[in-house]
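Given chain A, work out where chain B should sit, using these hints.
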Amino acid sequence: GENVEQHPSTLSVQEGDSAVIKCTYSDSASNYFPWYKQELGKRPQLIIDIRSNVGEKKDQRIAVTLNKTAKHFSLHITETQPEDSAVYFCAASILSGSNYKLTFGKGTLLTVNP
Amino acid sequence: GAVVSQHPSRVICKSGTSVKIECRSLDFQATTMFWYRQFPKQSLMLMATSNEGSKATYEQGVEKDKFLINHASLTLSTLTVTSAHPEDSSFYICSASRPEGAFFGQGTRLTVV
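Residue numbers (my numbering), protein chains in the order written: chain A, 1 to 114; chain B, 1 to 113.
By construction, these hints were calculated from the structure, which means they are not laboratory data.
Virtual Cβ for every residue (Gly too), placed ideally from N, Cα, C.
Any given hint could be a false lead.
For each label pair, taking beta carbons as the anchor points, the in silico distance ranges come out as [what the hints assert, rightly or not]: (1) A:His7 <-> B:Gly16: 39 to 47 Å; (2) A:Gly1 <-> B:Gln29: 21 to 29 Å; (3) A:Gln45 <-> B:Cys13: 25 to 33 Å; (4) A:Gln60 <-> B:Phe28: 40 to 48 Å.
The following block holds chain A by itself, in its conformation from the complex (with noise of 0.2 Å):
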């Protein structure tokens, strides 16, 4: 089955700077790449994602990266504020009609500092 890498596992960034959250999928067949924003104890949301067909989507501060080659997609932040400051999981999906079962990365804790 799918296997979703995630790196790195904690990470804390001044105000106003950038962040960059990798993941790594082992298979070549997963077309479907979302990445969720959870708070403590709160539901992921969905705050972006990105499918096998293009390389690159953005929205607003927030952009997503494909590397179908190399099979990585990574998450960019960027001009932090503290309240983006959550754990972010990637995940991987075959979609199958439009059902998404999802194998998720392990999670990185995103601090933002004042």
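Here is chain B on its own, set in the frame of chain A:
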């Protein structure tokens, strides 16, 4: 707003009893839902795939007789933790898919005492 609702958000039960957790898709039909388990400071681990009108599919190592899943309608899946023990204490969370992605319920914090 939330598209997936999970109930209850917290439950404390005695060892040996059973607990039912509900997951509802709001304003859309979900023929498939997924149940995950999350231990403190860890990732979400897929437990099973809930299929409307048919048996659930369990991931390797998950006891189907312990974690009973029923998906009786297109908007409701239930997870019943049977004969709960303290090691079953965890955060259980469901997801349902819309075309734009997978969305999660708010999770259920189960504590078995």
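- Message: Does the beta carbon distance between His7 of chain A and Gly16 of chain B stay inside 39 to 47 Å, or does it fall outside?
- Response: 42 Å, holds
- Item | Range agreement (Cβ of Cys13 of chain B with Cβ of Gln45 of chain A, hint 25 to 33 Å) | 28 Å, holds
- Query: Taking the CB of Gly1 of chain A and the CB of Gln29 of chain B, does the distance hold inside 21 to 29 Å?
  - Reply: 27 Å, holds
- Is the distance from the Cβ of Gln60 of chain A to the Cβ of Phe28 of chain B consistent with 40 to 48 Å? 27 Å, violated
Hint 4 from the list above is the single one not met by this structure.
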